[in-house]
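Asker: From first to last, the protein sequence lines stand for chains L, S, C, A, U, H and Z.
Per the numbering used here, the very first residue in the first sequence carries number 1; after that it's consecutive.
Per the numbering used here, the very first residue in the second sequence carries number 101; after that it's consecutive.
Per the numbering used here, the very first residue in the third sequence carries number 201; after that it's consecutive.
Per the numbering used here, the very first residue in the fourth sequence carries number 301; after that it's consecutive.
Per the numbering used here, the very first residue in the fifth sequence carries number 401; after that it's consecutive.
Per the numbering used here, the very first residue in the sixth sequence carries number 501; after that it's consecutive.
Per the numbering used here, the very first residue in the seventh sequence carries number 601; after that it's consecutive.
Just so you know, the hints here were simulated from the structure itself, not pulled from any lab data.
Do not rely on the hints blindly, as some may be mistaken.
In silico lysine to aspartate or glutamate, DMTMM-like type, Cα no more than 20 Å apart, as pairs [as the list claims (entries may be wrong)]: (1) S:LYS102 x C:GLU205; (2) Z:LYS602 x L:GLU45; (3) L:LYS2 x S:GLU105; (4) Z:LYS617 x L:GLU5.
For the chain A half of the interface with chain C, some residues (derived, Cβ under 7 Å), not all of them [said to hold, decoys possible]: (5) ASN346; (6) VAL347; (7) THR353; (8) VAL354; (9) VAL355; (10) VAL356; (11) ARG357; (12) VAL365.
Per the computed footprint, the stretches of chain L lying under chain Z, defined by three or more beta-carbons under 8 Å from a beta-carbon of chain Z, are [said to hold, decoys possible]: (13) 26-37; (14) 52-58.
Positions of the beta carbon are idealized from the N, C-alpha and C atoms, including for glycine.
Each chain, written out:
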Amino acid sequence: MKMLEESVNKRVSLLLKDNRVLEGVLTGFDEYMNMVLDDVDENSENVSRKLGTVVVRGSNVVRIVPK
Amino acid sequence: MKMLEESVNKRVSLLLKDNRVLEGVLTGFDEYMNMVLDDVDENSENVSRKLGTVVVRGSNVVRIVPK
Amino acid sequence: MKMLEESVNKRVSLLLKDNRVLEGVLTGFDEYMNMVLDDVDENSENVSRKLGTVVVRGSNVVRIVPK
Amino acid sequence: MKMLEESVNKRVSLLLKDNRVLEGVLTGFDEYMNMVLDDVDENSENVSRKLGTVVVRGSNVVRIVPK
Amino acid sequence: MKMLEESVNKRVSLLLKDNRVLEGVLTGFDEYMNMVLDDVDENSENVSRKLGTVVVRGSNVVRIVPK
Amino acid sequence: MKMLEESVNKRVSLLLKDNRVLEGVLTGFDEYMNMVLDDVDENSENVSRKLGTVVVRGSNVVRIVPK
Amino acid sequence: MKMLEESVNKRVSLLLKDNRVLEGVLTGFDEYMNMVLDDVDENSENVSRKLGTVVVRGSNVVRIVPK
Chain L
1 MKMLEESVNK RVSLLLKDNR VLEGVLTGFD EYMNMVLDDV DENSENVSRK
51 LGTVVVRGSN VVRIVPK
Chain S
101 MKMLEESVNK RVSLLLKDNR VLEGVLTGFD EYMNMVLDDV DENSENVSRK
151 LGTVVVRGSN VVRIVPK
Chain C
201 MKMLEESVNK RVSLLLKDNR VLEGVLTGFD EYMNMVLDDV DENSENVSRK
251 LGTVVVRGSN VVRIVPK
Chain A
301 MKMLEESVNK RVSLLLKDNR VLEGVLTGFD EYMNMVLDDV DENSENVSRK
351 LGTVVVRGSN VVRIVPK
Chain U
401 MKMLEESVNK RVSLLLKDNR VLEGVLTGFD EYMNMVLDDV DENSENVSRK
451 LGTVVVRGSN VVRIVPK
Chain H
501 MKMLEESVNK RVSLLLKDNR VLEGVLTGFD EYMNMVLDDV DENSENVSRK
551 LGTVVVRGSN VVRIVPK
Chain Z
601 MKMLEESVNK RVSLLLKDNR VLEGVLTGFD EYMNMVLDDV DENSENVSRK
651 LGTVVVRGSN VVRIVPK
C-alpha cells in the first residue's frame, strides 16, 4: 500500500480490534500490516500509557489514520 | 473485482465487522480488500467523526456500497 | 463452483455471519466467494434498506440461495 | 475426502457454526468444503424452512452426516 | 502426524470448539485434520446421539484422544 | 522452533484458547504447532482428567511451558 | 521485522489477545511471530506467575513492547 509507505516517519493513529488506540511514528511495516511505531501513546478503555517503541501484529489492526 | 476498480475516485460506504461505517472516496485497494479512503466520515455507535485519509485492513470489511 | 456461475445475472439471497440478508442480482464473484450484487435489498434485525450495488467480502458469507 | 465423493447425490445433514442445520442432496463440493445442496430443509432455532438449492461456504461447516 | 495414522481403524474421542464430543472409529483424515469417523456417538450439552458416519471439518477440532 | 525440538520427550504444559491446560510428555509436533503429548493430565474449569495420549490441533494453542 | 531481531536477548513485554501479559527475554521468533521467551513473568487478571521459558504461538500476539 503506497499510502503506508508515504506514512513512514510520520505520526499515525492505529485502531486495534480490542478498541485499543495506538498513536505514534510509523517506522516500518510489512505485507501482513505488522507495524513498528515509535514514541507511542496507547489509549484503552480510558487508560493512557506511554509505551515508547511498539511492534503490532497486523492481524489485530482495524484501520490506520495518518495524522 | 472489476466493481472495485470502477469505484476508484468515487465515494463508497464501507461496513466493518464491528459495525463501524466509513464513507469516503476510494483511492486504492489490493487483493486482500485492504483499502485507502480519502475524506472519510466515520460512524460508530452514533458517534460521527471526520478522519481524512484512512487505511482499512481488508479482513475487517463486511460490504462496500458505491455511492 | 458451477452453481455460482449458473446464478450470474439471477437473483440470489445471501446470508452473512452477522445475520444480515442481502437479496439482489449476482453480477460477479471470485474464488474467495467475494461477490457483487446489483439492485440489493438488505435486511438486518428487521430493518430493510435498498442499497443498489454491493460488494460483499466472501469471508462473511454463510450461504447463498438462488431464487 | 473420499467419504464426501461417495455422498454426492445422496442426502446429507450439515451442521453449521451458528447451529443452523441444512438437510439436502449433496450435488457438489470443493477442497474448502464449499458445498452445493439440492432440495434443502433448513432448521435454525426451531424455525424450519424449505430453501431449494443452497451454496454453503465451507468455513461455516462443523460436521457432515450422510443419511 | 504419525499418531493419527496409527489411530486409523481405532476408536478416538474428538473434542470440538463448541464443546461437542464425538466418539467413533477413525477411518480417514487429511492434512487439515478433516476427519471421517464411523459408528459415532455425539455428546453435546448432555444430549447423546448416534450419528453413524460423520465428516468433521478440521478447523473445529481442539484435541483427539485415541481410546 | 528449536525450543520445541529440545522439549521432545520432556514434560510440557500447554495452555489452550478455551483455558484448558494439558500437561504431558511432548512426543511430536509439526510446523502448525499441532502436537502429540503422552501421559496427559488435563485441567479445565477445575475438572482434572487423565487422558493418556492426546493430539492437539495447533490453532488452539496459546503458550507452551517446558517443565 | 528488524525491530524484533534487535530485541533478541533483550527484555520485552508481550500482550496476548486474552489480555495475558508476558514479560521476559526474547530468545527467538519466526515469521508467524511465534516467540520464545526466557525468564518469564506472566500477568493475567491480576494473577502473577513465574514461568521460566515460554513458547508463544504468534496468532495470539497483539503487541510487543521492547523494554
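Asker: Each hint should be assessed against the structure and marked as holding or not.
Answerer: Okay, the hints, checked on the actual structure:
{"no.": "1", "hint": "S:LYS102 x C:GLU205", "in the structure": "holds (16 Å)"}
{"no.": "2", "hint": "Z:LYS602 x L:GLU45", "in the structure": "violated (31 Å)"}
{"no.": "3", "hint": "L:LYS2 x S:GLU105", "in the structure": "holds (16 Å)"}
{"no.": "4", "hint": "Z:LYS617 x L:GLU5", "in the structure": "violated (27 Å)"}
{"no.": "5", "hint": "ASN346", "in the structure": "violated (16 Å)"}
{"no.": "6", "hint": "VAL347", "in the structure": "violated (13 Å)"}
{"no.": "7", "hint": "THR353", "in the structure": "holds (6 Å)"}
{"no.": "8", "hint": "VAL354", "in the structure": "holds (5 Å)"}
{"no.": "9", "hint": "VAL355", "in the structure": "holds (4 Å)"}
{"no.": "10", "hint": "VAL356", "in the structure": "holds (5 Å)"}
{"no.": "11", "hint": "ARG357", "in the structure": "holds (5 Å)"}
{"no.": "12", "hint": "VAL365", "in the structure": "violated (18 Å)"}
{"no.": "13", "hint": "26-37", "in the structure": "holds (count 5)"}
{"no.": "14", "hint": "52-58", "in the structure": "holds (count 6)"}
Figure legend: structure checked against the earlier numbered hints; hints not met, in rising order: 2, 4, 5, 6 and 12.
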